[in-house]
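Student: Listed below, chain by chain, are the residues.
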Amino acid sequence: MKKLIVITLLLILGFYLMSTFISVPFGAERIAGVKDYYLKQSPETLKVSNVVTAIVVSFRGFDTLGEVTVLFLASTALGSILYRRRTHHSGLNPQREAVVSSTLVRTGAKVLFPMIILLGAYVFVHGHLTPGGGFQGGAIIATGFLLILISYRKFFINHNVLTWVEALAGTTFVLIGIGGFIFANQNNFLENFLPEGTLNNLISGGVVGIIYIAVGFKVGAEITGILDTLLTIKEAGLNPDEN
Amino acid sequence: MVISNPIYFIALPLLTAFLLPLIGKVYKPLIRLTPGFVFAFMAYISFDLFLNLEQGKAQIIQIAGWAPPLGINLVYDNFSGFITLIITTLAFIVWVYSYKFKKVGFDNSKKFFILMMLLVAGSIGVVLTGDIFNLFVFIEITAISSYGLTAFYKGRDGAEAAFKFLFIGALSSTLLLLGILILYTQTGTLNMAEIAIRLKDVPIATQAIILILFFVGFGIEAEMFPLNGWVPDAYSQAPGPVAASFAGMLAKAGIYGLVRIIYTIFDLNGIFGLLLIMGILTMIIAETAALKQKNIRRMLAYSSMGQMGLIMIAFALNTKAGIYAAIFLMFNHALIKTMLFLSAGFLTYSTKDKKISDLDGFGKIMPFTALIFGLGAFAIVGLPPFSGFWSKLSVLTAVADKTYYVILATILLISVVEIVYYFRIIGRLYFKKAHEEVKIHKPSWNAQVAMSVLAILIIVVGIYPDLITEYISNAADALFDKSAYIKEVLPNVSLN
Amino acid sequence: MGIGSIIFLIGALIFILVAAIYAVIQKDLIHAVIATSLISLALSLVFYILQAPDVALTEAAIGIALSTIIFIITIRNTKRYESE
Amino acid sequence: MQDYLTYSVYGSAILLMLIGLYAALVKKNLIKIVIGLSILDAGIHLLFVAVGYLNNATAPIFSETVLDKNVVMADPVPQALVLTAIVIGFGVTAVALALVVRLYRKHNTTNIDEIKNLKW
Chain Z
1 MKKLIVITLL LILGFYLMST FISVPFGAER IAGVKDYYLK QSPETLKVSN VVTAIVVSFR
61 GFDTLGEVTV LFLASTALGS ILYRRRTHHS GLNPQREAVV SSTLVRTGAK VLFPMIILLG
121 AYVFVHGHLT PGGGFQGGAI IATGFLLILI SYRKFFINHN VLTWVEALAG TTFVLIGIGG
181 FIFANQNNFL ENFLPEGTLN NLISGGVVGI IYIAVGFKVG AEITGILDTL LTIKEAGLNP
241 DEN
Chain W
244 MVISNPIYFI ALPLLTAFLL PLIGKVYKPL IRLTPGFVFA FMAYISFDLF LNLEQGKAQI
304 IQIAGWAPPL GINLVYDNFS GFITLIITTL AFIVWVYSYK FKKVGFDNSK KFFILMMLLV
364 AGSIGVVLTG DIFNLFVFIE ITAISSYGLT AFYKGRDGAE AAFKFLFIGA LSSTLLLLGI
424 LILYTQTGTL NMAEIAIRLK DVPIATQAII LILFFVGFGI EAEMFPLNGW VPDAYSQAPG
484 PVAASFAGML AKAGIYGLVR IIYTIFDLNG IFGLLLIMGI LTMIIAETAA LKQKNIRRML
544 AYSSMGQMGL IMIAFALNTK AGIYAAIFLM FNHALIKTML FLSAGFLTYS TKDKKISDLD
604 GFGKIMPFTA LIFGLGAFAI VGLPPFSGFW SKLSVLTAVA DKTYYVILAT ILLISVVEIV
664 YYFRIIGRLY FKKAHEEVKI HKPSWNAQVA MSVLAILIIV VGIYPDLITE YISNAADALF
724 DKSAYIKEVL PNVSLN
Chain B
740 MGIGSIIFLI GALIFILVAA IYAVIQKDLI HAVIATSLIS LALSLVFYIL QAPDVALTEA
800 AIGIALSTII FIITIRNTKR YESE
Chain Y
824 MQDYLTYSVY GSAILLMLIG LYAALVKKNL IKIVIGLSIL DAGIHLLFVA VGYLNNATAP
884 IFSETVLDKN VVMADPVPQA LVLTAIVIGF GVTAVALALV VRLYRKHNTT NIDEIKNLKW
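Residue numbers (my numbering), protein chains in the order written: chain Z, 1 to 243; chain W, 244 to 739; chain B, 740 to 823; chain Y, 824 to 943.
Rather than coming from a laboratory, the hints here were simulated on the basis of the structure.
For every residue, glycine included, the Cβ atom is placed at its ideal position computed from N, Cα and C.
Misleading hints may appear alongside valid ones.
Stated by the list, open to error - Residues from chain W shown here face chain Z by an in silico Cβ test under 10 Å; the list is partial:
| id | residue |
| --- | --- |
| 1 | F261 |
| 2 | I288 |
| 3 | F290 |
| 4 | L292 |
| 5 | F379 |
| 6 | V380 |
Unchecked claim - Listed next, the in silico DSSO-like pairs over lysine-lysine satisfying Cα-Cα at most 27 Å (straight line):
| id | chain 1 | residue 1 | chain 2 | residue 2 |
| --- | --- | --- | --- | --- |
| 7 | Z | K110 | Y | K851 |
| 8 | W | K607 | W | K343 |
| 9 | W | K268 | W | K343 |
| 10 | Y | K850 | W | K537 |
| 11 | W | K685 | W | K443 |
| 12 | W | K730 | W | K607 |
| 13 | Y | K929 | B | K766 |
| 14 | W | K597 | Y | K929 |
| 15 | B | K818 | Y | K850 |
| 16 | Y | K939 | W | K597 |
| 17 | Y | K850 | Z | K40 |
| 18 | W | K730 | Z | K40 |
| 19 | Y | K851 | Y | K929 |
| 20 | W | K607 | W | K597 |
| 21 | Y | K939 | B | K818 |
| 22 | W | K682 | W | K535 |
| 23 | W | K563 | W | K682 |
| 24 | Y | K929 | Z | K40 |
| 25 | W | K725 | W | K537 |
| 26 | W | K537 | W | K443 |
| 27 | B | K818 | Z | K2 |
| 28 | Y | K939 | W | K535 |
| 29 | W | K730 | W | K300 |
| 30 | Z | K40 | B | K766 |
| 31 | W | K598 | Y | K939 |
| 32 | W | K676 | W | K607 |
| 33 | Z | K2 | Y | K850 |
| 34 | Y | K850 | Z | K3 |
All chains, full assembly: derive it from the sequences and hints.
Tutor: Below is the structure:
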């Protein structure tokens, strides 16, 4: 009975959504809006060839700050929800009791790990030139650490390093923002205060590249932190007296 | 002056939240002190900015140097400034209260303050931003920090409440995202002022769909009727100061977003009827549910929902008097509910179930806290010497001006219900014999300071309402005059 | 858009829907999670065809790998089968 | 042809959302609910990118070969927005799963009907 009601409601919702979206046919020319300006200004003024990067980091850079905050928040909230007790003796990773993975997996992981990290770094360093950027690069780096974490059960991520990377990358982002506030022409938060350079050079786009590198470090560190928290979940003993 | 800039309301808490783990490595007590400095500074600049803001003017902050509609912009006008002022002040007071926040250890107080700071930053972001997608990002920031804070205590059923909250929140924020997408396809822009201009050419049916999606998206934080299932659970399971800041900041940010969308972007006649019906339903259902509650925190949560319903009714009147009353109510509700939650936190500190019946005779056992709670109860039902009276009076006159006599009668009836359940508690506090064995927990000095400041504010505003009526009236003007908002944000665009 | 891309696009969309239905009705949660991971895989191909390489890359890294792994870790810490 | 594409792309995106919503609303298993939410997210992301596509467009990147400005480019704005949305969705999923683990620790079940300390 409940299923029937839900399905009926969903079909009504689907019908209305479909009738709304029919008015903008797939692939047809769209209403003129901010996008035309972005497509024009991004290569001309900002000297960033990847327009999506230009929008994410410069035109809508504030969203990106918020987005990085969301990830930071997720990793903090995860820590507070799952209550990781700190193991002070760092060798005592609870996962060491788990089954050791095969030599093949371990060797493969060892070979792949540097390549994955390199790919991730490449993706976020070239964020303003090619597809990709801080989020993608950071996520790729996190997958590299994930590979190591699941193939070497004794691998222990030093949380001090993670904390430092996370905090410094986040601070760099905000400080670049405040730098724009102080040094840039119009004194706006996040405004570019470095020379733009020439289009399609690695060093171009002013602060865009630097911000995306900071984002890459931060996203990589945060997702690695989330994965590590979840992987060491067994450690979390719930003490009912803890109120 | 460079120091006073609305951008700091968001940049500063984010910076501190990112740095807090490092600060903790330098010197542990700084974890608790730094948020206080930041909140105090934010409260200072919000006073500075608000008092220097000319009436009817707005301060537009461009981010990254792109003038609106291209980049994201913050709009600091009389209305958003007033709400920011409330939020920053409450944030500081809540920090004072929770400075010695139980003995949870430094690692946990670090997480607590990070989540708390981002909740404040997110709420202020929702209030200040002038960009519809940025609004969504800030809504998500407030939402995720609230999930974390709700589940903060391990001993309670916080995880259950948080999951419920997360479920409703994730669904409604997805629908909000869908609404934003439809808006973008129809108007080609994300700036709220420009959307308001371009929406005239959009078919009414499409507008209605977008509006319903937005209603669902903001309704959850504004505690609107079908979406407020999380409220009593989250308020009763979260730590005391968190419940206080949900009432004072989260709900305020939600209702702000809703009315900003309704008044500034859309131009549909049916909206106000819908908001009115939702407000009445929310108020009636919540207040009658509050009457039945045995747990004091749940009762306060239902009462908070009822108040939000009343605020919605006042906003739905679509007159200046109605908006004025609604903003006054928001001010009072933020202050008084915070005070009630903070004092209730200490009254029921040692009891396990936080039952109302456990409070018998506490008027003698904990005179100060009980007095604060009593003051709050008197103020929230709208008795004369307190500030709640003036806001309730202005709501009633605004409704009467519109000649909605049925609604007037309903509000009066619901007020009686409110009086019944609040006075029941006061009766228990002062006129019942105490239980044999009571464990009490004396509020620490900083908590006493926090509660006293709130109490003094309420009494002062109650005796001299003229102190703030001018600001509220300016805020109401800022919301009501849509074309002024558009002109401030987009000075080069001519309307029509 | 060439005819080849269109056929590929339609095929990927059908695959996505089938995988989604499978993910919803499957009682074994690990299988359901693998199906959602396949949704992400097909989705990132669709994004690539629709000229959104940035989004495709993000979906590939986050949707296929990271989301799936956090689901699997959770399932390993809870129950694998959905009971009626 | 164009009509068929409109119906099939938007239709499947909306259908994907509905499937996700159905799972989230009807299923009793907490992990299934989270899976439903992530399918719902996937549907929205598809819808975003589909709306941004223009006929015969290239990706919005000015490499050396497409520097003549007459090339039609896909709308970059929905792509930028969906990047943000994907990352936010990942954060929400992680928090949701952490809550599931904690609920399982406490109640030893992932069935929503058996977790009812608070009234729904």
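Student: Look at each hint and say if it fits the structure.
Tutor: Cross-check of the supplied hints:
no., hint, result
1, F261, "holds, 3 Å"
2, I288, "violated, 14 Å"
3, F290, "violated, 21 Å"
4, L292, "violated, 15 Å"
5, F379, "holds, 9 Å"
6, V380, "holds, 4 Å"
7, K110(Z) - K851(Y), "violated, 41 Å"
8, K607(W) - K343(W), "holds, 25 Å"
9, K268(W) - K343(W), "holds, 19 Å"
10, K850(Y) - K537(W), "violated, 31 Å"
11, K685(W) - K443(W), "violated, 59 Å"
12, K730(W) - K607(W), "violated, 58 Å"
13, K929(Y) - K766(B), "holds, 23 Å"
14, K597(W) - K929(Y), "holds, 21 Å"
15, K818(B) - K850(Y), "holds, 15 Å"
16, K939(Y) - K597(W), "holds, 18 Å"
17, K850(Y) - K40(Z), "violated, 48 Å"
18, K730(W) - K40(Z), "holds, 26 Å"
19, K851(Y) - K929(Y), "holds, 17 Å"
20, K607(W) - K597(W), "holds, 19 Å"
21, K939(Y) - K818(B), "holds, 19 Å"
22, K682(W) - K535(W), "holds, 26 Å"
23, K563(W) - K682(W), "violated, 50 Å"
24, K929(Y) - K40(Z), "violated, 56 Å"
25, K725(W) - K537(W), "violated, 45 Å"
26, K537(W) - K443(W), "violated, 50 Å"
27, K818(B) - K2(Z), "holds, 25 Å"
28, K939(Y) - K535(W), "holds, 19 Å"
29, K730(W) - K300(W), "holds, 10 Å"
30, K40(Z) - K766(B), "violated, 51 Å"
31, K598(W) - K939(Y), "holds, 19 Å"
32, K676(W) - K607(W), "holds, 10 Å"
33, K2(Z) - K850(Y), "holds, 11 Å"
34, K850(Y) - K3(Z), "holds, 10 Å"
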